[in-house]
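Chemist: Sequence:
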Amino acid sequence: MAETAGLLRLIDARGSAEPPIPELQSTAPAGVLEAVRQIIDEVRRDGDAALRQMARRFDGASLTELAVPPAACADALASLAPAVRDALEVAAERISEFHGTQREPGHVWSRDGVTVRSLRIPVDRAGLYVPGGRAAYPSTVLMTAIPAKAAGVASLALCVPPRADGTVAPVTLAAAALAGVQEVYAVGGAGAVAALAYGTETIPRVDLIAGPGNTYVAVAKQEVAGVVGVPSAFAGPSEVVVVADGSAAAELVALDLIVQAEHGPDGMACLVTWDPAVAEAVGAEVAVAAATAPRRAEIEATLASSGYAIVVGDRGQAAEAVNRIAPEHLQLMVAEPNELLPLIRHAGAIFCGENAPASLGDYLAGPSHVLPTGRTARFASALGVADFCRTTHVVSADEDALVSLGPAVETLATAEGLPAHAASVRRRLDRLAGGDPAGTRP
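If you number the sequence shown the way my numbering does, the last residue is 423 and the count never jumps.
I should point out that these hints are in silico values taken from the structure, not numbers from a laboratory.
Here the structure is a predicted model, which means the values were calculated and not measured.
Nothing false has been slipped in among the hints.
Restraint ranges, calculated between C-beta atoms of paired labels, are given here:
no., residue 1, residue 2, range
1, Leu324, Arg115, 31 to 39 Å
2, Phe360, Glu(-1), 18 to 26 Å
3, Ser99, Arg409, 21 to 29 Å
4, Thr392, Gly133, 37 to 45 Å
5, Arg296, Gln203, 31 to 39 Å
6, Arg115, Ala16, 17 to 25 Å
Every residue, glycine too, gets a C-beta built ideally from N, C-alpha and C.
Generate coordinates for the entire structure from the input sequences, incorporating the hints supplied.
Modeler: In structure tokens form, the structure reads like this:
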């Protein structure tokens, strides 16, 4: 078998005890961390002036104002092409309905006179990051703002990179208006993350930052995680693994690989199959589709660095390869996807069968398309209502509970060498026993 299948690098894992997997793009290539830290320092020191300088440096834009007036968003929505507005409204309605089901009532647990109530309280203010530059992403506005609204977040601030003329794409502004976002800032990259985390003259600081971005944005969120809340997922460059067998149409598999590759470099597109003929057929279709694609440069850049076709021995080995990669998007383009599904443990989102491409999830299946990348699907999940909330425990106890449980608390506190902890219970027990009814002890 050739070493490549079209634009895909071929990995023959048949017969391997442990199937080799592609080396995923590092979440922080050499120099990125240092650059991000410098950007954060500049924003903390110089505020708006640093953001304007970065807009010139990175976006080629000269900005007078960082904030986009709310009227501009309303005007963009009013002037949007009817078909596009209708599609955004369909997406918004479905995303809102899905995330409404994620709201959880307060949980109550009670035993032996002790009652614990768990309250889910939304953060006061959330920052949302939406990419720009290579494309406009109104869908990401909906996929971040609507879960936050469903959680009950009262104040939202949206940052999106400006275009070269200093404006934000009207379709993005229209989505902001549709989602009810009142603050939009023409600020992008790691500088936007720093501005949201620390605040500037124009941008008030937030309590939490959510949304996808390039590696610099994702690393910046990690860097400010001690200052603001950041979901555990590393929401970086896009990834897809398609598991396909001979029942899948090679053309569709190729398109599904290209779907994520067209976001641009640093992502990953990977085919996994136990049929060598599928690898050859899909590779050929990828080459044909990429050659005429409007975003050919982005597709070829992604595939050149991280485009793979892995041939494995069987379904079990295919699942093992998927679990080791832990991709953002996983498509099961096989005859019986539900038979393979129980073997999958690590994936941000799973799409089963020919009629459920990842594009459906990208726009209006319902769940947020902000998903874990960089193998963080091993422990992280899609952005959801819970990411915008905190859980606070409210504990109460009656006298009988304190009398019953207090001695155990006192014993444990004494064993840990924390006498004040023990005394706080002992004094209460003494008072209940009448040993010091007036509470006169020092």
